[in-house]
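Undergrad: Here's the letter readout for the chains.
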Amino acid sequence: MRIHADLQLEDIPGRLVNALAPIADYGGNIVGIMHSRERVVDGRITVRLIFDVKNEKPLKMLIKEWEKKDVYIARIEEIYRRVEKQFLVMGEDRGAKINELIGEISNLDEVNVSDLKMISREKGYAALITVDAGETKTLERAEKILESLAEKILLVKGV
Amino acid sequence: MMKVIMAGFGTVGQGVAKVIEEKNSSIKKRLGEGFEIVGVSDSKGAIYNPEGLNLELLLKIKREKGAVISYPDVEKLKSNEELINREADVLIEVTPTDIESGRAVDDILYAFRSKKHVVTSNKGPLTLNFKGLNEEAAKNGCMFYYTATVGGCTRMIDVGRGLSNGAAIISFQGILNGTSNYILSRMTDEEAPYELILREAQQLGYAETDPSHDVDGIDTACKLVILANSVMGLESSLKDVKIEGITGISEDGVKLAKSDGKVIKLIGEIEKSRLEVSPRLVPKGHFLDISGTLNLGLFKTDFAGDIAIMGRGAGQMETASAILGDLNKIISQTR
Ligand SMILES: NC(=O)c1ccc[n+]([C@@H]2O[C@H](COP(=O)([O-])OP(=O)(O)OC[C@H]3O[C@@H](n4cnc5c(N)ncnc54)[C@H](OP(=O)(O)O)[C@@H]3O)[C@@H](O)[C@H]2O)c1
Chain A
1 MRIHADLQLE
11 DIPGRLVNAL
21 APIADYGGNI
31 VGIMHSRERV
41 VDGRITVRLI
51 FDVKNEKPLK
61 MLIKEWEKKD
71 VYIARIEEIY
81 RRVEKQFLVM
91 GEDRGAKINE
101 LIGEISNLDE
111 VNVSDLKMIS
121 REKGYAALIT
131 VDAGETKTLE
141 RAEKILESLA
151 EKILLVKGV
Chain B
1 MMKVIMAGFG
11 TVGQGVAKVI
21 EEKNSSIKKR
31 LGEGFEIVGV
41 SDSKGAIYNP
51 EGLNLELLLK
61 IKREKGAVIS
71 YPDVEKLKSN
81 EELINREADV
91 LIEVTPTDIE
101 SGRAVDDILY
111 AFRSKKHVVT
121 SNKGPLTLNF
131 KGLNEEAAKN
141 GCMFYYTATV
151 GGCTRMIDVG
161 RGLSNGAAII
171 SFQGILNGTS
181 NYILSRMTDE
191 EAPYELILRE
201 AQQLGYAETD
211 PSHDVDGIDT
221 ACKLVILANS
231 VMGLESSLKD
241 VKIEGITGIS
251 EDGVKLAKSD
261 GKVIKLIGEI
271 EKSRLEVSPR
281 LVPKGHFLDI
291 SGTLNLGLFK
301 TDFAGDIAIM
311 GRGAGQMETA
321 SAILGDLNKI
331 ISQTR
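Protein sequences appear in the order of chains A and B.
Sequential numbering from 1 applies to the first sequence in the working numbering.
Sequential numbering from 1 applies to the second sequence in the working numbering.
Heads up, a few of these hints could be off.
[Claimed, not checked] No farther apart than 27 Å at their CA atoms in a straight line, the calculated lysine-lysine pairs in the DSS-like style are these:
1. 137/A / 300/B
2. 18/B / 137/A
3. 97/A / 54/A
4. 258/B / 152/A
5. 300/B / 272/B
6. 85/A / 144/A
7. 255/B / 97/A
8. 3/B / 117/A
9. 44/B / 85/A
10. 258/B / 97/A
11. 137/A / 272/B
12. 144/A / 3/B
13. 144/A / 157/A
14. 157/A / 300/B
15. 255/B / 157/A
16. 157/A / 258/B
17. 239/B / 157/A
18. 300/B / 54/A
19. 144/A / 258/B
20. 123/A / 69/A
21. 85/A / 272/B
22. 78/B / 85/A
23. 3/B / 78/B
24. 157/A / 284/B
25. 144/A / 44/B
26. 28/B / 44/B
27. 85/A / 29/B
28. 157/A / 329/B
29. 117/A / 44/B
30. 242/B / 137/A
31. 85/A / 242/B
32. 255/B / 144/A
33. 65/B / 18/B
34. 157/A / 242/B
35. 115/B / 144/A
36. 258/B / 123/A
37. 115/B / 329/B
Hint data in this document are derived by calculation from the structure and do not stem from the laboratory.
Please model the complete structure; the sequences and the hints are all you need to start from.
TA: Here's what the structure looks like:
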């Protein structure tokens, strides 16, 4: 899981290193770090951290460790990374069924149709559907729905 | 001199005669031995001369008379089998691809049984009986090379084999059919319908009169089978490939994709034991976004990361060059 944390540290040399060290100790991996000396609150500077950690367990231990080290945690949350896939669907009618199809996909738990572009004419339609979900597995359910229609439509998936 | 017989004397066969004519002396210098074409067949019959054929004359006669049997003062034969029966070291099989009849399979098996090495650009026999052919070659102590069957001059099979010797290939994605890639590229550039672009491709010689094998994805599927079996150690055949071609791609579909920064490409994909040929949406600027008649193979490996190889997948001299490369391997390994 990817974590976003805003830490408030005393503006004294060594405090930052002191705060970062436990991340690696709990198997985490720092992805990004920003700190601003301008925003001093209560004599503390704010450091914004992005890091990956395996799961809740090491994260909890890390938070405990920070509390022990007098690191103030102003904010901590998981960055919800969404996976996205596009499908181009083509058929030889006007595409009246597309809305129904979008409805069916949107009804899936945790799947979101984030974009739909469509051209519809007498001789056929083309629809570019962008779907996103929390994880690839969930996305596959949307893919299955589209694949089950493959007899009637031409489905072009993203690579 | 290594004695060579050749079944088929069309675009590729004549290209092979030309490259041998041009490169023979440098090959002799480098490898200590060159090639001598002693027999050739086409659809009208075969000729054989143990002393070697004059390649310039052979090309001229094929060009002017249309049949190799018009070549003067040589033994005339009726079938490939009779030709393969004659004394030679290597058979080059370059007859048309046929994935229904087993004619070329039988000819190649017969060549192995008469202890001849075989080089081919013909996908048909390898798609029909990959395992049987390779087993028969091994049983008879013969070499069997087919570099030109996939990706033309790009040596995609050699690259894949080289990679798998030191890293595991996790998956493969490729554009293996120049005709369909040309059509899709032109449809994107011109925002024009499939039928119109197909006609243009036919006029320019990029598509055959009957383009079905190319546009229906069969040609890509055959190449995928050969690649999966020769590089990734699978035992697949054509019926294992899920195939969708490009004939249903509409002008509007291409337009929508383009407006979103994507192009449509006919992709052959191997992942674990799944083989699939289908049109796919590719982001502009992606490895797989190549235009025109080019071919591309993208290997994903565990240790070596992504490796792509690109080049001309077809053409007379390109294909002949891949065949010459295979012939050189045989010379190097028999010395
Ligand atoms: N062209 C390329 O760029 C390319 C690239 C990669 C692989 N290949 C493969 O290479 C092979 C040859 O392609 P090509 O372009 O040279 O085809 P081609 O121009 O159609 O030539 C085929 C040749 O085979 C002869 N032939 C037909 N049936 C025969 C038979 N039963 N016995 C002996 N000869 C026979 C034909 O005779 P006639 O001359 O009397 O018609 C012709 O000379 C095909 O399998 C093709 O898929 C081609």
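Undergrad: All hints are to be evaluated individually against the structure, with a verdict given for each.
TA: Comparing the hints with the structure gives:
1. Between the alpha carbons of residue 137/A and residue 300/B the distance comes to roughly 21 Å, so the proposed pair stays at or under 27 Å and holds.
2. With a C-alpha separation of about 54 Å, the suggested pairing of residue 18/B with residue 137/A is violated against the 27 Å cut-off.
3. About 42 Å separates the Cα atoms of residue 97/A and residue 54/A, which puts this hinted pair outside 27 Å; it is violated.
4. Only pairs whose Cα atoms come within 27 Å are accepted, and residue 258/B paired with residue 152/A is accepted, the gap being roughly 24 Å.
5. Between residue 300/B and residue 272/B the alpha-carbon distance is near 12 Å, which keeps this suggested pair within the 27 Å criterion.
6. A hinted pair counts as satisfied when its Cα atoms are at most 27 Å apart, and residue 85/A with residue 144/A qualifies at roughly 13 Å.
7. Proximity of residue 255/B to residue 97/A is assessed by CA-CA distance (about 21 Å); at most 27 Å being required, the pair is judged to hold.
8. For the suggested pair residue 3/B and residue 117/A, the alpha carbons sit about 62 Å apart, so the restraint of at most 27 Å is broken.
9. Straight-line distance between C-alpha atoms of residue 44/B and residue 85/A comes to about 54 Å, which puts the hinted pair past the 27 Å bound.
10. Between the alpha carbons of residue 258/B and residue 97/A the distance comes to roughly 24 Å, so the proposed pair stays at or under 27 Å and holds.
11. With a C-alpha separation of about 18 Å, the suggested pair residue 137/A and residue 272/B falls inside the 27 Å cut-off, and the hint holds.
12. For the hint pairing residue 144/A with residue 3/B, the CA-to-CA distance comes to about 56 Å; that exceeds 27 Å, so the pair is violated.
13. For the hint linking residue 144/A to residue 157/A, the alpha-carbon distance of about 12 Å falls within 27 Å, and the restraint holds.
14. Under the criterion of a C-alpha separation no larger than 27 Å, the hint pairing residue 157/A with residue 300/B is consistent with the structure, at around 19 Å.
15. For the hint pairing residue 255/B with residue 157/A, the CA-to-CA distance comes to about 16 Å; that is within 27 Å, so the pair holds.
16. Pair hint residue 157/A plus residue 258/B holds up; C-alpha atoms about 14 Å apart against a cutoff of 27 Å.
17. This hinted pair checks out: residue 239/B and residue 157/A have alpha carbons roughly 22 Å apart, not beyond 27 Å.
18. Straight-line distance between C-alpha atoms of residue 300/B and residue 54/A comes to about 25 Å, which keeps the hinted pair within the 27 Å bound.
19. Our distance criterion of 27 Å between C-alpha atoms is met by residue 144/A and residue 258/B, whose separation comes to about 25 Å.
20. About 69 Å separates the Cα atoms of residue 123/A and residue 69/A, which puts this hinted pair outside 27 Å; it is violated.
21. Annotation: proposed proximity of residue 85/A to residue 272/B holds, straight-line Cα distance about 21 Å (limit 27 Å).
22. At roughly 58 Å between alpha-carbon atoms, residue 78/B and residue 85/A are farther apart than 27 Å, so this suggested pair is violated.
23. Between the alpha carbons of residue 3/B and residue 78/B the distance comes to roughly 20 Å, so the proposed pair stays at or under 27 Å and holds.
24. This hinted pair checks out: residue 157/A and residue 284/B have alpha carbons roughly 15 Å apart, not beyond 27 Å.
25. Of the supplied pair hints, the one linking residue 144/A and residue 44/B is violated, its CA atoms being roughly 52 Å apart against a limit of 27 Å.
26. Proposed proximity of residue 28/B and residue 44/B is contradicted: the alpha carbons are some 33 Å apart, above 27 Å.
27. For the given pair, residue 85/A sits about 56 Å from residue 29/B by alpha-carbon distance, which is inconsistent with the 27 Å threshold.
28. A distance of roughly 40 Å separates the Cα atoms of residue 157/A and residue 329/B; the hinted pair therefore is violated under the 27 Å criterion.
29. For the given pair, residue 117/A sits about 56 Å from residue 44/B by alpha-carbon distance, which is inconsistent with the 27 Å threshold.
30. Of the pairs offered as hints, the one joining residue 242/B and residue 137/A holds, with about 22 Å between alpha carbons and a cut-off of 27 Å not exceeded.
31. Using a Cα cut-off of 27 Å, the hinted pair residue 85/A and residue 242/B holds, with the two alpha carbons roughly 21 Å apart.
32. Restraint check for residue 255/B and residue 144/A: the C-alpha separation of about 25 Å stays at or below 27 Å, so the hint holds.
33. With a C-alpha separation of about 18 Å, the suggested pair residue 65/B and residue 18/B falls inside the 27 Å cut-off, and the hint holds.
34. The straight-line distance between the Cα atoms of residue 157/A and residue 242/B is roughly 14 Å, inside the 27 Å bound, and the hint therefore holds.
35. About 51 Å separates the Cα atoms of residue 115/B and residue 144/A, which puts this hinted pair outside 27 Å; it is violated.
36. Proximity of residue 258/B to residue 123/A is assessed by CA-CA distance (about 20 Å); at most 27 Å being required, the pair is judged to hold.
37. Distance check on the hinted pair: residue 115/B and residue 329/B sit about 17 Å apart at the alpha-carbon level, within 27 Å; holds.
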